[in-house]
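In the order they appear, the protein sequences are chains A and B. Quick note: the first sequence uses this note's numbering, first residue -18, plus one each step. Quick note: the second sequence uses this note's numbering, first residue 469, plus one each step.
A couple of the hints might just be wrong.
A few chain B residues that face chain A, going by a derived Cβ cut-off under 7 angstroms, partial list only [unchecked claim]:
no. : residue
1   : I498
2   : N500
3   : K510
4   : G511
5   : L515
6   : L517
7   : Y544
8   : S553
9   : R565
10  : Q566
11  : G570
12  : G572
Since the hints were derived computationally from the structure, they do not count as laboratory data. No residue lacks a Cβ here, since even glycine has one placed at the ideal position from N, Cα and C.
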Amino acid sequence: GAGVSQSPRYKVAKRGQDVALRCDPISGHVSLFWYQQALGQGPEFLTYFQNEAQLDKSGLPSDRFFAERPEGSVSTLKIQRTQQEDSAVYLCASSTVRGEKLFFGSGTQLSVL
Amino acid sequence: KQEVTQIPAALSVPEGENLVLNCSFTDSAIYNLQWFRQDPGKGLTSLLLIQSSQREQTSGRLNASLDKSSGRSTLYIAASQPGDSATYLCALSGSARQLTFGSGTQLTVLP
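Next comes chain A alone, as it looks inside the complex:
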């Protein structure tokens, strides 16, 4: 595709609900990142994939957060038993294996009530 695509654009969840956020990276980009951005703050790293391998998940805040990229393209970030503090914008970014420049999607704004 022309850019990184994320869906849904907005998600409202009741506390305790499970949610799944999708990221379609730029075709051919092997590196994929997830970031969490709270209101008024810069993004914070969650996890990183190279192809289908999750090389770094040190930023995931708890074991309720799980990410996968089974075929090395589309990625899903799943949050189980959502809590109010999970409310944030979740950003996905991709890059080429050698490239440093990151291309970001528009994000999914998650609101947990």
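Mind docking chain B on chain A? Use the hints.
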């Protein structure tokens, strides 16, 4: 742990002014530094990337500098325009691939 600070948090200037945004960081062992622009409700757009071995990069009206010894970077915007209004974020990468971001400077350029 790398910490990134951006000052000021918000800035309002009249159109046509030249301006400087500041970014400071605590760990000089960086791989590269990037400046991003974020428009409301949108993702981030990479503006300039400076490798660790470089001191500055230029693109059009934008110039970014890097001084690792002092832990500082600046983004210079010449002849500002209302279309430059956005939040500007500084981010650094170390030995790991992920970026550490500052909280951003919200810029408003008044017509």
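The hints, checked one at a time:
no. : hint : verdict
1   : I498 : violated (12 angstroms)
2   : N500 : holds (6 angstroms)
3   : K510 : holds (5 angstroms)
4   : G511 : holds (4 angstroms)
5   : L515 : violated (10 angstroms)
6   : L517 : holds (6 angstroms)
7   : Y544 : violated (20 angstroms)
8   : S553 : violated (17 angstroms)
9   : R565 : holds (6 angstroms)
10  : Q566 : holds (4 angstroms)
11  : G570 : holds (5 angstroms)
12  : G572 : holds (6 angstroms)
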